[in-house]
Amino acid sequence: MLSLDERLRAALAEDIGRGDATTLATIPASQGATAEFLLKEPGVLSGLEVATRVFALVDPAVRVTWTARDGEARTRGPIGTVSGAARSLLTGERLALNLMQRLSGVATQTRRYADALGGGHTRLLDTRKTTPLWRDLEKQAVRHGGGFNHRAGLDDGILIKDNHVAAAGSITEAIRRARDHSYLLKIECEVPDLAGLEEALHARADRVLLDNMSDELLAQAVALRDRLAPHVTLEASGNMTPERLPRVAASGVDFVSAGALTHSAPALDISLNFLPDPHTPAPEDLS
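Taking numbering that gives the first Met the number 0, the leading residue of the sequence shown gets 0, the next gets one more, and so forth.
Derived from the structure by calculation, the hints contain no laboratory data. You may find that some hints are simply not true.
Stated by the list, open to error - Derived PhoX-like pairs (lysine-lysine); straight-line CA-CA distance at most 25 Å:
no. : residue 1 : residue 2
1   : Lys160    : Lys185
2   : Lys128    : Lys185
3   : Lys128    : Lys160
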């Protein structure tokens, strides 16, 4: 697994290439500057610490000061400043903003879903539908928004999906093989209907993922679980929207997972604006 610094350096190299041509051509190396991060729409912040690291990798002399923190809900306005060589600020600006906007978007989307789900028994989970190489940051953003993390990767637990069942021959056989292979890992199995749920419960799954079931079927699934194996937890997934979540929670499922927390989160609008230098004379009025 690449470290955060390794990934950030690679992202900077992708953007800078052989050098920031515009900045090198227009800004003297000796010029200093201060710029202000401006939140332009309400949202939940995430990625501030990552942005700080971006500027540190560009230039260790750059100083970032925040008046907000990751996980904080804000309306609009200034959230921090960055000071140092103007060239360094301009070179790191885009990557820092890209990450802040993306991660704050995930945190904001998650907060919308978490608020819709309410503060009851049912927990909101993310999925592995994340941006390659940035999963840890996006899952952190989910936590900043009030959600919880599902598997971090394929080695993090056993989740038997429909294609596993198809390849193994049946739900029962897939769970049996999983149990024989590793008795230490919890086994979750996806099912499409109540018959599949009953089979998974009899096969001793630890958790069952109820895929694309209606609200009515979810309630029936909870009743079936309570009768046959009350210790097994149920996770609902598929077509989860904020409007639907109160009904899903009312069904009594333990978890709701939503890929939309990460794969469909719109970026939060954040800008970086250079502040006027009080030591720089204003241009002459030529009117």
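Tested hints:
no., hint, result
1, Lys160 <-> Lys185, "14 Å, holds"
2, Lys128 <-> Lys185, "21 Å, holds"
3, Lys128 <-> Lys160, "15 Å, holds"
When the structure is compared with the earlier hints, no violation turns up for any of them.
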